[in-house]
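K.L.:
Below are the chains, spelled out letter by letter.
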Amino acid sequence: MSRKKLSRRQFVAATALSSAALITAPYVRGAYAAGKLSIGFWDHWVPGANKASTDIVNAWAEKEKVEVQIDYIPSQGNKNLLTIAAEAQAKSGHDILAMPTWWPHAQAELLEPMNDVMDGLIKQNGEPNGTVKYLGQSKGKWLAVPASIGSQIKGPCSRIDLMKQHAGIDVQALYPAGGPPKADSWTLDTFLKAAEACQKGGVAFGIGLGETSDNVDTAGAIFQSFGAALVDEKGNVTVKTDAVRQALEYYKKLIAFLPPDAGAWDDSSNNKWLVSGRGALIMNPPSAWAVAKRDAPQVAEQCWSHGFPAGPKGRYAPYLSYFWGTWSFSKNKEAAKSVLKALSQPDAIEKMCVASGGYDLPCYEKLTTLKVWQEEGPPKGTLYHYPNPHNHQTLSIAAAPAPPKIAQQIYTQATLTKMCLRYHQGEAMEKVLAWAEGECEGFMRS
Amino acid sequence: MADVALQSNRAAQAARKRGSLHRMLKRKSTMAFLMTLPLILLIATLVIYPAFYALHLATLNKSMQRFVGLSNFEFLFRRETFWLVVKQSCIFAITAVIFKAVLGFIIAHFVHNIPAKGQRKWRGMLLVPWVIPPAMSTLAWLWLFDPSYSAFNYTLSFFGIGPIPWTGDAMWARFSVILVNIWVGAPFFMIMYLAALKSVPEQLYEAAAIDGANWWQRIWYVTLPMMRNIIAITTLFSLIVTFANFDIVRILTAGGPLDHTHIFATWAFRIGIEGSDIPLGASVSLFMVPILAVAAIFILRDVNKRGNES
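If you read the protein sequences in the order shown, they are chains A and B. Numbering (the numbering used here) for the first sequence: 7 to 452. Numbering (the numbering used here) for the second sequence: 27 to 336.
Isolated chain A, as found in the complex (with noise of 0.2 Å):
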């Protein structure tokens, strides 16, 4: 058996190599030197709308060296849910997750602070507007990133030719496109005469009173549009108020001239509702709009998106926010900053709204009047006032200013939408009010 021998100058040769190698190795950029990322997005409705994304992505990875893995997790059927509840039990996931409107305060705990990353964004894109600090932010601290993806107002979306035929309104002259809002005279109580001279003319308000987000949000902008909240910003119970009870009356008076079947609408409902040209108006952001362009051009061209009718206590519109969060447990925790502050530069959003079509809407303030909104069309202008552009309404949420996770469950189980239901099918006000009260005090478990 023949062995090698190890002279002590060899030894001493290789040691300070392997040394120099190790020391030196971080500094050497390979293909991945800054390692890996992994980034689960909301995968877009809009076909084509994700490429964006992923372009921006793969720029920054190949700029900063990163190997990055990205997943579109739908919403339908709550997959973005079920992920975002797998990965918080497991502690491992995604380094950046797509979380919609409750989830950033429903996984604060487990959720990387972002204020590093907000203070610049905000320098540079404006303050988010008030729903999405609402939502994003606990006790000072950002919990998540506002995502523009995703992002939306639901306000009214309406048939010009209808609303003018059957109810004597000019949508384009109340919302003109390029100019601000001369709409002082669209209130609710305009929008219950033209609900019911639509319904009497066959073609109701597409509203729905279903357990789901649109119908949800829909009566959260009315009750906000009276002042009414179910609980208040400490967390009291506010139920049975004034307020509570006009809003009440205004939706009874609101459901008689809704579809009979209202009750049974889901998100998809009001769009059929619109695209089949049943109807005269929904809620809605472009999404219904941008299915009529391909499949009922000639309903597409009379649909203009615009704002909320006004009530006793201001102008309210729905705006839900989805946002991009980093778990305290992420691997990677500096490129996922470093990737959502490439995601949310004023050219990425722009490119990210383009890409959906102006679905999209971004929170900050100095981005409300990208020129998608304002080119998009048929008819020309009928995205102009979809994201506010003269913040002519206030943004806001169904169930704020309640404390997010109280909100959070008085959102999800459509306490509003079914108070309004069992009030119209007869039940007596102070029966529905002690029903709320009660189904809010189960709320507040903590």
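Source of the hints: derived by calculation from the structure; they are not laboratory data. Just to be clear, a hint being listed does not mean it is correct.
[Unchecked claim] Computed cross-link-like contacts, DSSO-like style, restricted to lysine-lysine with a CA-CA straight-line distance of at most 30 Å:
{"#": "1", "chain 1": "A", "residue 1": "Lys437", "chain 2": "B", "residue 2": "Lys88"}
{"#": "2", "chain 1": "B", "residue 1": "Lys88", "chain 2": "A", "residue 2": "Lys337"}
{"#": "3", "chain 1": "A", "residue 1": "Lys437", "chain 2": "B", "residue 2": "Lys113"}
{"#": "4", "chain 1": "B", "residue 1": "Lys88", "chain 2": "A", "residue 2": "Lys240"}
{"#": "5", "chain 1": "A", "residue 1": "Lys343", "chain 2": "A", "residue 2": "Lys42"}
{"#": "6", "chain 1": "A", "residue 1": "Lys339", "chain 2": "B", "residue 2": "Lys88"}
[Said to hold, decoys possible] Chain A is faced by these chain B residues, among others (derived, beta-carbon under 10 Å):
{"#": "7", "residue": "Asn87"}
{"#": "8", "residue": "Lys88"}
{"#": "9", "residue": "Gln91"}
{"#": "10", "residue": "Phe101"}
{"#": "11", "residue": "Phe171"}
{"#": "12", "residue": "Asp172"}
{"#": "13", "residue": "Pro173"}
{"#": "14", "residue": "Pro189"}
{"#": "15", "residue": "Pro191"}
{"#": "16", "residue": "Trp192"}
{"#": "17", "residue": "Ala199"}
{"#": "18", "residue": "Arg276"}
{"#": "19", "residue": "Phe295"}
{"#": "20", "residue": "Arg296"}
{"#": "21", "residue": "Gly298"}
{"#": "22", "residue": "Asp303"}
We treat Cβ as the ideally placed atom computed from N, Cα and C, and that holds for glycine.
Got chain A; can you put chain B on it based on the hints?
P.N.:
Chain B in isolation, oriented as in the chain A frame:
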């Protein structure tokens, strides 16, 4: 010499060991255990572990940071909606199982009486609702029941009937979800009952006919007693599956209108996943266990009793 003796002793011991291992492996129970081991492991991983994990979750507070014992159950017992869900789950499961059993029994008799040549075709066709994934077939039902564009309502309109709020009215919505569950589940009863019918000895019917038994008496005194165990086990199995149903209700009504079609699984999902209250959701789903356990004990006890009698 001593060495040789020691070696032969060791060899004998080893041979004995090998022999006992061989005997153990040859034992039927050992082989049965080894062959079922993969399944036992699978069940342990996918059923027993999640079950205990659900128990653990049910004892935590909403943010899952504190042990709260049985407080979640206490909380549920005070909720009006919870008792509505309990009531509805019972109505849903019991009504659906009764109708599935009755329909399955009737159809099994029809199929049994079809000549053997054409029977396979009918058996195959009648099994279709059961073999299609319910999530898919329920989507088709959703289109049939659609609030605004119901194909049923369209057809009924030719007869001046309707429109019927299939999913918009509490009673009709309950009817709709139960109907779809019966449609999906009846073929299972049919095939089990058909198998049971085929195993009833023909001589018993012949003897009954000689005794002058009519059609009803043959069913009551021959068919039903011979099928009792199958009926009991099928009913138990279906009761468990129907109680735990999720997809049909979730797709058709999502629990609405006004929570009037929620059953345990759909309400647990609403609370646990959509409402981010996983401990409470786990508690709701666990509430099925005692109800089903009581049903299982009664039904299986009856089966055992009959087994011992025979």
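K.L.:
Against each hint, give a clear statement of whether it holds in the structure.
P.N.:
Here is what the structure says about each hint:
no., hint, result
1, A/Lys437 <-> B/Lys88, "holds, 29 Å"
2, B/Lys88 <-> A/Lys337, "holds, 27 Å"
3, A/Lys437 <-> B/Lys113, "holds, 21 Å"
4, B/Lys88 <-> A/Lys240, "holds, 19 Å"
5, A/Lys343 <-> A/Lys42, "holds, 13 Å"
6, A/Lys339 <-> B/Lys88, "holds, 27 Å"
7, Asn87, "holds, 7 Å"
8, Lys88, "holds, 5 Å"
9, Gln91, "holds, 8 Å"
10, Phe101, "holds, 7 Å"
11, Phe171, "holds, 9 Å"
12, Asp172, "holds, 8 Å"
13, Pro173, "holds, 4 Å"
14, Pro189, "holds, 8 Å"
15, Pro191, "holds, 6 Å"
16, Trp192, "holds, 8 Å"
17, Ala199, "holds, 7 Å"
18, Arg276, "holds, 9 Å"
19, Phe295, "holds, 8 Å"
20, Arg296, "holds, 7 Å"
21, Gly298, "holds, 8 Å"
22, Asp303, "holds, 7 Å"
Every hint from the earlier list agrees with this structure, and none is contradicted.
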